[in-house]
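Student: Sequence:
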Amino acid sequence: MKTLIFPLSLVAASALLVGCAHRHDEQSSEQIQQNFVPGLGEFMAQTAARHAKLWFAGQARNWPLAAYEVEELHEGLEDAGRYHPSHKQIKEPIPSLIAAHMDQPLAKLEQAIAARDPQAFIENYDKLTEACNSCHRQTEFGFNVVVRSTSNPFTNQAFGTSE
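When the letters of the sequence shown are read in order and numbered with mature numbering (1 follows the signal peptide of the UniProt record, and there is no 0), they come out as residues -23 to -1, 1 to 140.
Treat the hints as calculated values from the structure; they're not laboratory data.
One thing to keep in mind: the hints can contain errors.
What the hints assert, rightly or not - Derived CB-CB ranges, DEER-like: (1) Pro70 to Pro130: 30 to 36 Å; (2) Asn121 to Ser73: 31 to 37 Å; (3) Ala76 to Ala26: 20 to 26 Å; (4) Gly18 to Gln134: 39 to 45 Å; (5) Ser5 to Ala91: 19 to 25 Å; (6) Ser5 to Gly137: 34 to 40 Å; (7) Gln96 to Ser73: 28 to 34 Å; (8) Lys68 to Gln134: 33 to 39 Å; (9) Val122 to Glu19: 15 to 21 Å.
Said to hold, decoys possible - With a straight-line Cα cutoff of 25 Å, these simulated DMTMM-like cross-link-like pairs (lysine to aspartate or glutamate) come out: (10) Lys85 to Glu55; (11) Lys68 to Glu19; (12) Lys85 to Asp56; (13) Lys104 to Asp94.
Computed from a prediction, not measured in an experiment: that's the story for all the values here.
Every residue gets a Cβ at the ideal spot worked out from N, C-alpha and C, and that includes glycine.
Could you build all of it, start to finish, from the sequences and the hints given here?
Tutor: Following this line, the structure appears as structure tokens:
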């Protein structure tokens, strides 16, 4: 009996290793996207962070960083519309709402940043902020009011230029 224990253990261990090494079916990219897409609220939270960073970059007159944050806002809003074309509480299509409310304020901000004009930046930043609030009101999320940041939560980032 003792002579059978070692060979049987070897066979059992080999079977276990073969089972563990079995290739699992790979998920399609569509399945992965469905499994790992942030909710609309997460997209909006990231948008709020970018909105704040944009303010601090503009106040520091770090125009390259401000331009970067505007581009990130574009990308984040585009992704929000792509991955959440509709929402259970919102009647209009999300991409249409984003375009109607955000396109013009972001374009005006891009112009102010390109001109390195601090006053135009402030005016158009405030228009962007109002556009956010207008969209929130239109979609019955008016309780979520966006304002200028009064303190910097990003203490690990220097907003001044290194030029």
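Student: A separate judgement is required for each hint: does it hold in the structure or not?
Tutor: Structure-based check of each hint:
no., hint, in the structure
1, Pro70 to Pro130: 30 to 36 Å, "holds, 32 Å"
2, Asn121 to Ser73: 31 to 37 Å, "violated, 19 Å"
3, Ala76 to Ala26: 20 to 26 Å, "holds, 22 Å"
4, Gly18 to Gln134: 39 to 45 Å, "violated, 23 Å"
5, Ser5 to Ala91: 19 to 25 Å, "violated, 41 Å"
6, Ser5 to Gly137: 34 to 40 Å, "violated, 46 Å"
7, Gln96 to Ser73: 28 to 34 Å, "holds, 32 Å"
8, Lys68 to Gln134: 33 to 39 Å, "holds, 38 Å"
9, Val122 to Glu19: 15 to 21 Å, "holds, 19 Å"
10, Lys85 to Glu55, "holds, 18 Å"
11, Lys68 to Glu19, "holds, 20 Å"
12, Lys85 to Asp56, "holds, 21 Å"
13, Lys104 to Asp94, "holds, 15 Å"
Of the hints listed earlier, those the structure fails to meet are numbers 2, 4, 5, 6, in rising order.
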